[in-house]
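S.K.: Residue numbers (my numbering), protein chains in the order written: chain A, 133 to 425; chain B, 133 to 425; chain C, 133 to 425; chain D, 133 to 425; chain E, 133 to 425; chain F, 133 to 425.
None of these hints come from the bench; they were simulated from the model.
Values in this document were obtained by computation on a predicted structure and should not be read as measured data.
Fair warning: there could be bad hints in the mix.
[Stated by the list, open to error] With a cut-off of at most 27 angstroms between alpha-carbon atoms, the simulated BS3-like pairs for lysine-lysine come out as follows:
| # | chain 1 | residue 1 | chain 2 | residue 2 |
| --- | --- | --- | --- | --- |
| 1 | C | K262 | B | K208 |
| 2 | D | K205 | E | K262 |
| 3 | D | K205 | D | K262 |
| 4 | B | K205 | A | K147 |
| 5 | C | K202 | B | K205 |
Each chain, letter by letter, is given below.
Protein chains: 6
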Amino acid sequence: MKTVNILVEALPYIKKFHRKKIMIKYGGHAMIDEAAMDSTARDTVLLKYVGMEPVVVHGGGPEISRAMNKMGKEPKFIEGLRVTDEETMEIVKMVLVGKINTSIVSKICYHGGRAIGLSGKDSNLLLARKRAPHVVRDDETGERREIDLGLVGEIESVDPGIINMLTDNNYIPVISPIGVDRDANTLNLNADTVAGEVAAGIGAEKLIVLTDVPGILEDPSDPDTLIRRISVDELSDLVKSGIVEGGMLPKTLTCIQAINDGVSSAHIIDGRVEHSLLLEIFTKKGIGTMITE
Amino acid sequence: MKTVNILVEALPYIKKFHRKKIMIKYGGHAMIDEAAMDSTARDTVLLKYVGMEPVVVHGGGPEISRAMNKMGKEPKFIEGLRVTDEETMEIVKMVLVGKINTSIVSKICYHGGRAIGLSGKDSNLLLARKRAPHVVRDDETGERREIDLGLVGEIESVDPGIINMLTDNNYIPVISPIGVDRDANTLNLNADTVAGEVAAGIGAEKLIVLTDVPGILEDPSDPDTLIRRISVDELSDLVKSGIVEGGMLPKTLTCIQAINDGVSSAHIIDGRVEHSLLLEIFTKKGIGTMITE
Amino acid sequence: MKTVNILVEALPYIKKFHRKKIMIKYGGHAMIDEAAMDSTARDTVLLKYVGMEPVVVHGGGPEISRAMNKMGKEPKFIEGLRVTDEETMEIVKMVLVGKINTSIVSKICYHGGRAIGLSGKDSNLLLARKRAPHVVRDDETGERREIDLGLVGEIESVDPGIINMLTDNNYIPVISPIGVDRDANTLNLNADTVAGEVAAGIGAEKLIVLTDVPGILEDPSDPDTLIRRISVDELSDLVKSGIVEGGMLPKTLTCIQAINDGVSSAHIIDGRVEHSLLLEIFTKKGIGTMITE
Amino acid sequence: MKTVNILVEALPYIKKFHRKKIMIKYGGHAMIDEAAMDSTARDTVLLKYVGMEPVVVHGGGPEISRAMNKMGKEPKFIEGLRVTDEETMEIVKMVLVGKINTSIVSKICYHGGRAIGLSGKDSNLLLARKRAPHVVRDDETGERREIDLGLVGEIESVDPGIINMLTDNNYIPVISPIGVDRDANTLNLNADTVAGEVAAGIGAEKLIVLTDVPGILEDPSDPDTLIRRISVDELSDLVKSGIVEGGMLPKTLTCIQAINDGVSSAHIIDGRVEHSLLLEIFTKKGIGTMITE
Amino acid sequence: MKTVNILVEALPYIKKFHRKKIMIKYGGHAMIDEAAMDSTARDTVLLKYVGMEPVVVHGGGPEISRAMNKMGKEPKFIEGLRVTDEETMEIVKMVLVGKINTSIVSKICYHGGRAIGLSGKDSNLLLARKRAPHVVRDDETGERREIDLGLVGEIESVDPGIINMLTDNNYIPVISPIGVDRDANTLNLNADTVAGEVAAGIGAEKLIVLTDVPGILEDPSDPDTLIRRISVDELSDLVKSGIVEGGMLPKTLTCIQAINDGVSSAHIIDGRVEHSLLLEIFTKKGIGTMITE
Amino acid sequence: MKTVNILVEALPYIKKFHRKKIMIKYGGHAMIDEAAMDSTARDTVLLKYVGMEPVVVHGGGPEISRAMNKMGKEPKFIEGLRVTDEETMEIVKMVLVGKINTSIVSKICYHGGRAIGLSGKDSNLLLARKRAPHVVRDDETGERREIDLGLVGEIESVDPGIINMLTDNNYIPVISPIGVDRDANTLNLNADTVAGEVAAGIGAEKLIVLTDVPGILEDPSDPDTLIRRISVDELSDLVKSGIVEGGMLPKTLTCIQAINDGVSSAHIIDGRVEHSLLLEIFTKKGIGTMITE
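One chain only, chain A, in its complex shape (with noise of 0.2 angstroms):
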């Protein structure tokens, strides 16, 4: 019976989204832990077959760190974002893509999705071009020095054609964040910044971030300061404040362009939480932090 209810409450949330595009960016846990992961691709599958149209983004990090590691390459950062030279942009690639990616499609597959893997090289999905260098400060001279981050890109555009084909033949586009320049140069991008491109891109109703946090904290050391809701202005406002901060300002950032840029709502949820993806979407409450215009 009281599966049934369930379903029964579900049923506005069903017709709400129902034929909307969800742009689902796999992170953290879900990309690390394999249950985590075979949990998150079927509550994915789940929302195919309840008539949304659920597009994934995945990231990757820590796991290219692992190859490069082993392949006796050491990975080096400038805040935050990793410094790619030829060989580092091959190991990307062949993580994300041959490695990562295979094994989300395989995992959606198996709970009887239709998933095909794509990185932005196919079909020049994701044009982008070479970030500028980044610009550091000494903090002892002041001084301030331009640093070649090599083959890593921002998006100049994304083109829908191919991802607006797969959904309405009922299958799950799977996107593995790698760039390709006009002179078919392969650009390592941020996975959280695709997937608020994409989302954009296609005309997602909504963009869910999945995250190794419970969503925006108002305090980031006390999880039980979790922001439910907020819009966009107010996040703003608690981003110039310098509340959110670390690995959250960027997804931030990205949450904020997406509804700028027409997204309905954009989410940063906990997937570490089993099913977290399916609370967040079929409960009133939700379990994340969900913004709004």
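Take the given structure of chain A and dock chains B, C, D, E and F to it, following the hints.
M.R.: Below, chains B, C, D, E and F alone, put in the same frame as chain A:
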């Protein structure tokens, strides 16, 4: 959390019946009690939203008799079949099409479905012919006598065209058991039979008959003897042995016929139990009797 | 030979109205007299077969009153509008949807058309709201009194989707003037108004109102004063001058509104004359009053 | 009033032949007399507008001979077949395609149809091969002699693609009886035969041959002996008995062949009678000879 | 090996003009010399097969005069325009539509293309009106005199529907420069003008005019002064300066008009050079004069 | 001029293979040498632009071994088959899908094609099962021993759906030879076999295998003994006679199988020769060995 676990448990059923037609016969309690009708309509809409294609056939016997009484006309039955003269036929039409069908359509629309009412007269959906006179044997004299039941019909053919067009365009057809013969005469049809024949005609996956009893009982006087699952062959044996009787007999025969005509499973369930429709479809054990090949 | 000359004479009209929607309001005589209804149905089918897209709206006032009397309920009117309590509404629905609509559908199907009955409740085709209470001035005291007419509605919006789907698939929609409000209540609508609003909503080329009089008369007491053709401006002047009155007034206002909403021409013709529908469409002179911009 | 009664009488035929292809062979009088051609074109357009799919094949013998004479070239026939050298073929093409076909197309367009002229050379519509030499027996010596008729062809295959595309898009194809062989040589074809073969190739419902006689006569010298309706079997017997002769013989054989190839009925009618086409299709009795299986 | 290098060199052009419409005006040599026509037809088919959409317009002046002479009728020109009485018009039609068009269609089909012949009369493709009388000034007296050229027309409008339908379905339309006025009269049109107007009407990428000269020459007497590439503005200046003259003037004006109407480039090339069509499209330097915005 | 003659010579092949699927197995040299891969990609795009539907399958053995060595893992082969433990499988996936596939996709896109990378895991494109253990006979003792090759699979079924959707929408699918079993395990597949099975599964016209040898040689040590054209029967005889051996044997068997499964022709050609793909398709003599029924 429970919410979500249950959604996840429902996934296999959602997948299995994706884009499949589910014929639902509304009857008994579900036709009388406002709240029950409401609940059944909501459940029907949910089936649509999770990807199935519900088609509804409704009955309405008690309501017809009530209306006849109100108009000073006494209902008359011979062995369970309503003797239907011209005037009765007019009342039957008004009650089924004008009252019950519009109420169901209204309920379904209210809960977010796009219902369209139909009767067998619409584009000659249910082509029928007058039944042969009923033969009655006088228990005392042993004489056999023919009794003309009047405008009572049996289905000659079902035209699935309009129903398929509606389901393909996301509408939910709601059908009154009224037939039309080649001379445009209206004929009174048995609602269970209509449900079975239409289910077969449109290639439905399931036929679900909502009744006022728990299902088929091994001992009709003992609700604890509910048969959960039975094959047509076993059920035919039960019928021959005389265990299935009364109002359950024609429903049972309809189910057997539907299975023989290619419907994958037929279900007789208790419409009085809230959400019985969902319980039957989305739980392994179900709630009533499931008949399969 | 005559046969053929006449077909040839009809050709310009057939060409002109090819694939155009023709809204026909069945009323008066055409609703009572079996032979007249038969003839009107046949003519409607002919329009379909020579390439037009007929859509039918029907009325049914006298029939409703007859049914009410039969059920021991006295019809009550205030300034021509039926006071509609819950019980009356139920009878209205049963008569319009269950009796008249199914009869028209049957007639059209019998003559080879593929008619589908609809009411405003089907997929919320006619969304309506309760009319404001009627204000009556007491002739003696001069006092103004509000009278609630009950479940009498006015149209808020028409959803052309289902009608277009039906005409595109070669069906002939037959619509009962029943509306639904946002709370799923049924509302009694004026059939002429429904015909006009639906004509505008579906972009009909013509609105043809079948009545029991020859058309609009300059002198209502003299049938020889029939106005053959008149512009909306001239007709509005006639209305202001008080020459159009009685039952003709609302029909006239409906026609004026329809023209203003983009319908190319509106026609008020005598449904008692055999084949008046065809005479009006296929002859230069026509048979009733044609109103154009 | 008559107008309308006649339209109503035509309805069954309009219904019966809805969306059916009607192959019309223009010939004889209809090709010479301007008024007759005009009338035939108008009738053809009417068929289109009442829902049929007319396809026209035309002949043009007398016109060709006239043009040859004008160019100082003497027409030569052997047993009714035109001996066709290169120069003659050129004239045949110019007259049929450049003169007669464009005139018919023009007439049909003028009356509101969307005609497109074709010859068998367009996209190899009529693939043909050179006929075997004609064998003539010398009446005196009894010797058999082969006579090469030159560029006279017989149809190998009809490609219905272009015709179906045109009728599906509301065009009326008008076809000149010119064929093409595998080496791109132009071949002179018999127009009746082309009409019959194309009728079969496109699955026409009717083949209507317009001639200068009332139809098939039991006694060719007595117009009162017109056969109104005859089966292929009976007609084959007539042919064997030698009653059908002269120019009527090949037309008759074409009709028999067309029926055997699946055309439902073939008609030989008098093109000189105004609107004979409509009289044959829209009246029960018809005007000429109707041949059926 | 050369084969393949050349294919590879052609690739950029194949890509650039993929699915683009290429209007080709067949004229001069290409219309007279059998081998040249053959070669041009083969090249046209190749364009189709490598993904372009060729549309052909042909002329036929010399052939018409030849036919007139043969029929004992003397061709008459006033300032390069053929005086066209009824009889001449008939001959023009027969030669253009019946002879030249069918020959081109035949050649294209022989080389594997699916050509369909059209004239401006087909479905009123080229709606035209009679040209105003030509005004001639008497060199001696200085008097101005009007001369009626007879059935010579100028284009009012082009209906791209039938052409688009044909190219969309992989056919190659071949168009004779014959127009039709609103009264169904046939009018003689200038073939270059037709090519230009149709090119604009169907949104062609290129207009290629095949002539008997190398292109536009700076010094018409010196073939070495060929202008390879010129803008419309520069070309307009050349025209004003009187350098472009004779038969080249109308062709030049047509090209300027086409560019102004949105055609991307116009080409005047030498049809006598084998494969000039391909040389112009597939080589950087081209072979004739290319006019661009 | 040469340019154009060659295009014209290529026309018959362009026509013959219009809209036909051409399966190309990239291998050997074409996978290692950057310039060769570039040239092959450009040729593949050219095939697309001249109307064929290329589908690519690639191998990558040497690259995998290189990557394994780099990661300190020694490649192990048994009779030419790579022994594939979990860790090896991971490396295989990363190299094939993440490195080689993305490089090919990139090259094709750079030359103007719309490539999409796929592996057999995408939507379960290549359903496979683990191969039975390899049986090895000890040469000395004659004993037979089973050796488990690990995650090496053989194809159970190919799902042509996603490939057809991509080619129909003008994409070029590029497939990595990775399979998936019913439990979502990844299996290492032989690339030649995948090419053959997919060719059969999608109804390809041609299977072209790019290798590092000129083709099948009668005397493997003498390149002058190249067999230009051979039937499957003759080739089967060669195989039986032991002349075909080494790496050529499995390629040969794949080709034979593909022909038997309905592919019209199979080609083994030298990928080291520039534009060998085009030379084989567009010249009569070809460059390698062509196998036909």
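S.K.: Need the list of violated hint numbers for this structure, in ascending order.
M.R.: Hints 1, 2, 4 not satisfied by this model.
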